[in-house]
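Chain by chain, the residues run as shown.
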Amino acid sequence: MSDEALQAERGVSLWRDAWLRLRRNRLAVAGGVTLILLCVLALLTPWIAPYDYRAQDLALGASPPSAAHWLGTDTLGRDLLTHVLWGGRISLAVGFVATGVALLIGVLYGTIAGYAGGRVDAVMMRLVDILYALPFMIFIILLMVIFGRNLVLLFLAIGAVEWLTMARIVRGQVQTLKQQEFIEAAVSLGLSRWTIIRRHLIPNTLGPVIVYTTLTIPSVMLLEAFLSFLGLGIQPPASSWGLLISYGAETMEEYPWLLIFPGVALSITLFSLNFLGDGLRDALDPRIAKD
Amino acid sequence: MPRFILHRLLQALPVLLVVVTATFFLVRLAPGGPFSDEKAVPAEVQRALEARYRLDQPLASQYLSYLGDLVRGDFGPSFRYPGRSVDEMIFAGLPTTAELGLYALLISLVLGTAAGVVAALRPNSAQDYLPMSAAMIGICLPSFLLGPLLILVFGIWLDWMPVSGWGNVPGDKILPALTLASGYTAYVARLSRGGMLEVLSQDYIRTARAKGLPEWIVVLKHGLRGGLIPVVAFAGPAFAGLLSGSFVVETIFQIPGLGRFYVQAAFNRDYTMIMGTTIFFAVLIVAFNLLADIAAVWLNPRLRHQYRKRAS
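Protein sequences appear in the order of chains Y and G. So for the first sequence, our numbering puts the first residue at 1; every next one is plus one. So for the second sequence, our numbering puts the first residue at 292; every next one is plus one.
Rather than coming from a laboratory, the hints here were simulated on the basis of the structure. Hints are supplied without guarantee of correctness; some may be wrong.
[Said to hold, decoys possible] Here are a few chain Y residues that face chain G, going by a calculated C-beta distance under 7 Å:
{"id": "1", "residue": "L60"}
{"id": "2", "residue": "A62"}
{"id": "3", "residue": "M137"}
{"id": "4", "residue": "I146"}
{"id": "5", "residue": "F229"}
Computed from a prediction, not measured in an experiment: that's the story for all the values here. Beta carbons: idealized from backbone N, C-alpha and C, even for Gly.
Given only the sequences and the hints, what does the whole structure look like? Please build it.
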């Protein structure tokens with residue numbers, strides 16, 4: 001079969017179908033484009049930030065938005081745009097890395113539990129049930145207090161909370177999948193367990209996993225911002241949107257722009273991710289009802 | 292039903308044990324040891340701590356005696372404030388936080404359900420899009436951003452509301468309650484819309500309409516009972532969220548509640564206070580999840596039946 005014929009065969013694959021459906025959803029497309037833009041800005045920050053991260057202008061102090069400082073400056077005369085850009089890098093990094101940790105643990109754990117079934121599955125999922133019932137927010141705060149506010153720990157702690165739902169979703173998927181004929185075929189072909197899991201099971205769980213991942217990123221970013229706002233997350237001199245909002249809130253009476261711009265940045269990101277996530281859910285898994 | 296409750300109660304016990312154990316040993320893992328830097332702790336507290344935690348004894352017996360005290364409801368002395376016990380501080384802050392949480396819960400249930408039902412009655416119309424867009428805003432504007440913004444607009448620029456405090460000036464409870472409620476109102480609206488959409492397409496709703504019942508009875512009596520199940524299932528996690536939300540809201544509005552004490556304790560590294568409140572919060576959260584589960588089973592006859600079958 002020629003390449004073109006293969007291409008034509010694939011024309012109505014699940015992914016292509018989903019892509020077409022996603023493209024019709026204008027909000028989701030807008031969310032996706034905004035998100036890509038934000039990520040590009042975050043990646044390019046070291047080169048495009050208008051001022052040096054540490055640059056201060058104490059004589060200038062807090063000034064409203066102007067031609068020289070598009071978003072104004074803070075009480076130490078630091079350029080707010082620069083800080084919003086650098087803060088966005090951290091906020092987005094926390095969102096993506098912690099979600100990545102959750103993704104890795106959740107998919108592996110869920111697949112193994114679902115594929116093994118029986119007693120292994122029962123024990124593994126009971127453990128998830130117990131962890132689910134733990135008040136994790138409070139444990140994260142406890143961890144930050146005891147071991148100091150450290151970025152790697154924050155990634156791990158948040159990732160360790162968020163994998164639970166992922167594991168449940170993947171396990172459910174795998175349980176249904178493994179009874180289907182193509183898995184039986186793979187088994188009778190003599191493929192090893194690991195190959196079946198890697199080649200046949202995990203790729204088929206991707207739809208719901210992608211959807212849930214997109215919706216996990218905003219909740220992780222919120223968690224980071226929440227902790228930083230309370231002073232228990234990202235520590236100066238590093239910055240994040242949560243931290244900037246916290247500073248902005250302290251001085252908002254005199255310098256409202258210090259609260260508003262970081263807030264707008266965070267909200268836009270959350271909106272984009274949520275719209276994209278909702279769009280992906282409708283596109284990839286029409287069975288999941290919109291709640 | 293009693294069997295189900297008993298079963299869930301027994302499930303809650305190991306969870307609580309894990310919480311207590313994890314908290315106890317995590318605090319002892321603190322670099323340098325939480326109870327060893329004498330210069331930061333008044334001698335009086337140090338003595339009380341040594342007696343209380345039997346620091347000269349092996350870790351296992353320290354742990355057991357801590358468990359024993361917890362069962363009797365004794366959380367020990369505060370690490371930073373001599374002469375005050377963790378119990379005192381918890382009960383000083385609890386009523387305020389409970390009141391704030393109750394208002395937020397009421398607002399989110401009433402407003403959220405109303406918005407969700409209204410949206411579900413005419414899906415994909417303006418009547419649906421308007422409340423659901425508002426809900427999206429509620430989800431994407433976290434409380435630590437919404438709170439300061441509300442203060443800025445209504446407290447400072449318009450000068451309609453007090454900007455901080457709790458119960459000192461009339462009206463100073465409005466902004467904190469709204470701030471805490473916003474996110475949950477949004478979730479409740481989305482969940483109740485989804486639940487109502489599903490229920491309203493069921494056969495028994497058509498039957499109710501066919502026998503000529505007025506629409507509002509169909510919706511409110513027959514529809515709501517089933518449509519609210521997802522909302523009730525959400526009430527457990529929502530309660531945990533309200534607690535952590537109270538950390539932020541009480542900090543922003545300077546409300547002397549449990550949440551603010553907790554955040555201050557975290558800052559001051561008041562280890563015993565953190566241990567105590569962590570365990571106290573955990574008990575509350577586990578209890579609320581239990582109540583939400585029981586309510587969900589009670590509301591949903593199918594679950595009840597399923598459980599009976601499994602039990603027998």
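Requested in this report: Double-check M137 of chain Y for me: the hint is only fine if its C-beta lies closer than 7 Å to a C-beta in chain G.
Outcome: Hint on M137 of chain Y: holds, closest Cβ of chain G at ~4 Å, below 7 Å.
Query - Proposed interface contact between L60 of chain Y and chain G, which counts if any beta carbon pair is under 7 Å - result: Because about 23 Å separates L60 of chain Y from the closest Cβ in chain G, which is outside the 7 Å limit, the hint is violated.
Report task. Mind checking the CB of I146 of chain Y against every CB in chain G and telling me if the closest is under 7 Å? Result -> 4 Å, holds
Query raised in the report: Does the CB of F229 of chain Y sit less than 7 Å away from some CB of chain G?
Result: Where the cut-off is 7 Å and the nearest Cβ of chain G is about 4 Å from F229 of chain Y, the hint holds.
Requested in this report: Go through the hint on A62 of chain Y and say holds or violated, using the shortest Cβ distance to chain G against 7 Å.
Outcome: At 15 Å from the nearest chain G Cβ, A62 of chain Y fails the 7 Å test, so the hint is violated.
Hint compliance for this structure: hints 1, 2 are not met, and every other hint is.
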